[in-house]
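Using the sequences and the hints, build the whole thing.
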Amino acid sequence: MYKQAAFCYEELILSQPTVPLYHLAYADVLYTIGGLENLISARKYYAATIDLTGGKNTRALLGICLCASAIAQLSKGRNKEDADSTTAPELHSLAAAALEKEYRQKAPAKLHLISSALRSLKL
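Residue 0 in numbering that gives the first Met the number 0 sits at position 1 of the sequence shown, and the numbers go up by one each step.
Calculated directly from the structure, the hints in this document are not laboratory data. Careful, some of the hints might be misleading.
The list that follows gives simulated cross-link-like pairs (lysine to aspartate or glutamate, EDC-like), each with its CA atoms no further than 20 Å apart [stated by the list, open to error]:
id, residue 1, residue 2
1, Lys55, Glu89
2, Lys109, Glu99
3, Lys43, Glu10
4, Lys2, Glu36
5, Lys55, Glu99
Written out as structure tokens, the structure is:
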């Protein structure tokens, strides 16, 4: 079922490429399907969502962090010379910093929760 859902979101993105919700939902579906290629694609669509929203989408920022962690786990023991192995930690740290900044501004009482969750992700 998830592959059919992915196809539907691909069609929605093709018809309206500037709607960030479609990119976000497609990234969520790809993340759910799993696998290294899907996780890398999901990260790209989370990044597209962040780009389309001007960095104001908390769900996409967290998605970047989760994808980076999952990609790091799946890439253990593989060739580390590709460009993706250097991109993941950089994106993760940028997204984590943006998340903490957003929580510091909007929900300071819950900042410790997001900080500990981000620390628990393994890169």
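Provide an ascending list of the numbers of those earlier hints which the structure does not satisfy.
none
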